[in-house]
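The task is simple: from the sequences and hints, build the whole structure.
The residues making up each chain are set out below.
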Amino acid sequence: MVANEINMKGAEVKSTIDPKTVKLVSKRRRVTLPQWGTAWIVLIPALIFICLFMLYPIINTFLYAFIQDFQYAKGAGSFALGQFISTITNGPARNAAFGFNNFVLALENSVFRQSILNTAILTIVEVPLTIIVSLLIATFLNSIKVLKGFYQTIFFLPYVTNTIALGLIFNIAFSKTPGGFVNILLHDVFGVQDPINWLSSAPYKIGGPTATKFTQGVVLVIYSLWNGIAFKILVFMSGLATIDKQYSDAAKIDGASGFTIWRRITLPLLSPQILYITITSFIGSFKMYTGVMSVYQGINADAYYFGGDKGNDWIPVVGWIYKQLDADQLRPGIASAASLILLAIIMVITAAQFAVSKKRVHY
Amino acid sequence: MAEKALYFADDKSRRLYLAKTIIVKVLVYLFLTIFALFLLAPFVLMIVGSFVNAKAFDVFKNTADFSQLGFANWGFSNYAEVFKDTYVNNLGQTVPKSGNNFPVFFLNTFIVAVGSTTVTVVTAVLAAFAFARLEFKGKEALFALLLATMMIPGEMMVITNFTTVSKLGWTNTFSALIFVHGVSVFYVFYLRQTFQQIPNELYLAAKVDGVSDIGYLWKVMIPIAMPTITTIIILSMMGSWNSFVWPNLVANGTWMNKKGGHSMLLVSNGLRLLFSQGSENLEAIKIAGSMVISIPLFIIFICFRKYIMRGVSRSGIKG
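Note that the protein sequences, when read in sequence, are chains V and R. Numbered according to numbering that gives the first Met the number 0, the first sequence spans residues 0 to 362. Numbered according to numbering that gives the first Met the number 0, the second sequence spans residues 0 to 318.
It is worth saying that the hints were derived from the structure and are not from the lab. For each residue, glycine too, the CB sits at the ideal point set by N, CA and C. Each hint should be verified, as a subset may be incorrect.
Taking CB as the label site, the calculated pair distances span [claimed, not checked]:
{"id": "1", "chain 1": "V", "residue 1": "LEU146", "chain 2": "R", "residue 2": "GLN196", "range": "43 to 51 Å"}
{"id": "2", "chain 1": "R", "residue 1": "LEU201", "chain 2": "V", "residue 2": "ILE131", "range": "21 to 29 Å"}
{"id": "3", "chain 1": "R", "residue 1": "ILE294", "chain 2": "V", "residue 2": "ASP301", "range": "24 to 32 Å"}
{"id": "4", "chain 1": "V", "residue 1": "GLY190", "chain 2": "R", "residue 2": "THR117", "range": "27 to 35 Å"}
{"id": "5", "chain 1": "V", "residue 1": "CYS50", "chain 2": "R", "residue 2": "ILE294", "range": "37 to 45 Å"}
{"id": "6", "chain 1": "R", "residue 1": "PRO95", "chain 2": "V", "residue 2": "THR211", "range": "36 to 44 Å"}
{"id": "7", "chain 1": "V", "residue 1": "LEU184", "chain 2": "R", "residue 2": "ALA8", "range": "42 to 50 Å"}
Pairs of lysine to aspartate or glutamate residues, derived as DMTMM-like cross-links and limited to a Cα-Cα distance of at most 20 Å, are as follows [said to hold, decoys possible]:
{"id": "8", "chain 1": "V", "residue 1": "LYS251", "chain 2": "R", "residue 2": "ASP64"}
{"id": "9", "chain 1": "R", "residue 1": "LYS19", "chain 2": "V", "residue 2": "ASP253"}
{"id": "10", "chain 1": "V", "residue 1": "LYS204", "chain 2": "R", "residue 2": "ASP9"}
{"id": "11", "chain 1": "R", "residue 1": "LYS166", "chain 2": "V", "residue 2": "ASP325"}
{"id": "12", "chain 1": "V", "residue 1": "LYS204", "chain 2": "R", "residue 2": "GLU139"}
And the structure:
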C-alpha cells in the first residue's frame with residue numbers, strides 16, 4: 000500500500016516538478032542514507048573476510064618469513080608482530096631480529112631445492128605440451144560442424160571431475176601388474192613384453208624393475224595433460240569465436256593454404272588468449288600439488304608422499320610448503336620464506352612473459 | 000560453403016581439391032576422436048572397475064585375463080562395500096573401519112557447500128553492488144587493492160590462516176571450512192562487470208519512484224544478474240565438493256560437540272581414508288568410492304553445462 004502510494008506520487012510529480020522536490024518528498028517519509036554510507040555498510044561483510052583472511056595473512060606471512068628463529072609455539076601464536084614484540088621485551092635479544100635466516104634454512108634444505116627443480120622440470124615439459132595440444136584441438140573443433148557440441152562436451156569433462164578420484168584411476172591404470180591398463184595397451188599394441196613398473200618403488204615380482212624418476216614423471220605429464228586441456232580448449236574456443244571470418248575468406252581468395260591461414264591469421268589474432276593461457280598455466284603449474292599427490296595416493300595414503308623410497312622423488316614446491324605445516328614439524332617461518340621464494344619465481348616468470356609478448360601479441 | 004563458389008581451371012584440379020578437403024576432414028576427425036578416447040578412457044576404467052566384483056578385478060589385474068571383466072561378474076557389491084562400516088582384513092577377520100562413514104562425509108560436504116556458497120554469494124553481491132553502482136571516496140583504490148590480492152598465491156595466505164584457525168579454536172569445525180574462504184575476489188569482480196552493464200536509466204527511474212539503494216539492488220539488479228549469480232553458485236558448490244587441501248589441513252579429524260564426536264571429513268578426504276583403510280588389495284572398491292563422489296558432479300554438469308562452461312571460460316579458476 001505504502002509503496003503504491005509513493006509510486007503514484009513519484010509518477011505524478013515527475014511530470015510537473017523537478018527531481019529535487021521528489022527527493023524531499025521521500026525524505027519526509029524515511030531517513031535515506033547518503034550513497035557513501037550505504038556503500039560502506041554493504042562492503043562490511045566482504046571487508047571483514049578480506050582483512051582477516053587475506054590482507055592480514057599476506058602481511059603476516061612476510062613477517063613470519065623475515066623474523067629470525069620464528070617459532071609458532073612461543074607466546075603470541077599466529078600474530079607474528081605480537082610475538083616479535085614479546086620477544087623483544089621478554090626473550091633473549093638474539094631472537095628479536097629481522098633477517099634472512101628462514102630463507103637460508105629453506106634454501107639449505109636439499110628437499111626444498113629438489114622440489115624447485117621438480118616443479119621446474121614438470122612445468123617446462125607440461126605447459127608447452129598442453130598448450131599445443133589444446134590449441135590444435137580448439138582449431139580442429141572450430142573447423143568442424145558435425146558433432147561439434149558432442150566433442151566439446153567430452154573435452155570439457157576433465158574439468159568437472161574430482162582430482163582425488165581421478166588420481167586414483169590414473170594410479171590404477173598405470174599399475175605395475177601385467178593387468179594394468181597401460182601395460183596391457185603396451186603389450187597388445189606395441190609388443191612390449193615385460194610389464195613396466197610405472198609408479199611403485201616395490202617391484203611386482205622378485206628382481207623385477209622398480210619405478211624410476213623417469214617413469215613417474217611420464218605418468219605425471221600424462222596426468223597433467225589430461226587434467227589441463229579442458230580449460231585451455233574452452234578459452235581458445237571462445238577466442239576463435241570472436242575472430243572475424245572476413246580475414247580467412249580474403250586469404251582464401253588470395254590462394255593461401257589452410258596452414259598458412261592458421262599460421263598467419265588465426266594465431267596472431269588468438270595471441271591475447273595464448274598469452275593469457277601461457278601465464279596462467281605457468282603459475283598453475285608452479286602451484287601444482289594436489290595432482291601429484293593424488294597420482295601417488297593408491298600406493299601410499301600419506302598426503303605428503305610424492306613417489307620413491309622417501310616420498311620425495313617428485314615433491315612439488317607447494318607440497319614441501321604444506322609439509323612444513325604438518326603437525327609434527329610446525330615451521331611456519333620456513334614455510335613462509337619458501338612461499339615468498341615461490342612468489343618471486345612466479346613474478347619473475349610472469350614479468351618475463353609480458354616482456355617477450357610485447358612484440359608478439361596483437362590486441 | 001565457400002568451396003562451391005570456387006572456380007577451377009579443369010576437372011582434374013577440382014577433384015584434387017575435393018580429395019584434399021576430404022582427407023583433411025578425415026584427419027581432423029581422427030585426431031579429435033583419438034583425443035576424445037584418451038579423455039574418456041579413465042571414465043571407462045572407472046565404470047568397469049566399480050561394477051566388476053572386487054576379487055575378479057584383482058585377478059584381472061594380475062593376469063590381464065579379460066574374461067574376468069565379463070558381465071557375469073558385474074554387480075553392486077563394491078558400492079555396498081564402500082558404505083559398510085566393517086571390512087575383512089588380510090587374515091580374514093571382520094574389523095570395523097575407524098571413522099569411515101560415507102553418509103556423514105556427504106552430509107558434511109553438503110553443509111559446507113551450502114554454507115560457504117551462501118556466504119560467498121552474499122558478500123560478493125553486496126560488494127559488487129557497492130563497486131558497480133555506488134559512489135564513495137576511495138572506491139578505485141579499494142578495488143585496485145582487491146585485484147592485487149588476486150595475484151598473490153593462495154599458499155601464502157594458507158600459512159597464517161592455518162594458525163589463525165587454531166587460535167580461534169576453529170580446528171575441526173564447520174566455521175573453518177565456511178568462513179575462511181567467505182569472500183572470493185574473483186566473484187566480486189565477475190559480478191561487478193555484470194552489474195555495470197545494467198543501464199543507468201533504470202537506477203534513475205527507481206530513484207524517482209522513491210526506491211532505496213538496497214531496494215534497487217534487491218528488486219532490479221539481482222533479478223537481472225541472476226544468470227551470473229547462478230553460475231557463481233554452481234562454481235562455488237563444485238569448488239566445495241572438490242576442495243581437498245584446506246580441509247585436509249584444518250578439518251581432518253573429529254569435532255567434539257555435546258553429542259560426542261562428529262567426523263569432519265569431506266568427501267575428498269573421506270575417499271582418501273577409504274584408500275588407506277581396509278580392502279588394501281581390492282582396488283575395485285576404491286574405484287567404487289571414487290565413482291560415488293564423482294556422480295553428483297556429473298549430474299550437476301549435465302544439468303548446468305551452459306552455466307558452468309560460460310563461467311569457467313571467463314574465470315580461469317579450478318573449483
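Compare the structure with the hints numbered earlier in the document and write down the numbers of the violated ones, lowest to highest. Numbers 1, 2, 4, 8, 10 and 12, in rising order.
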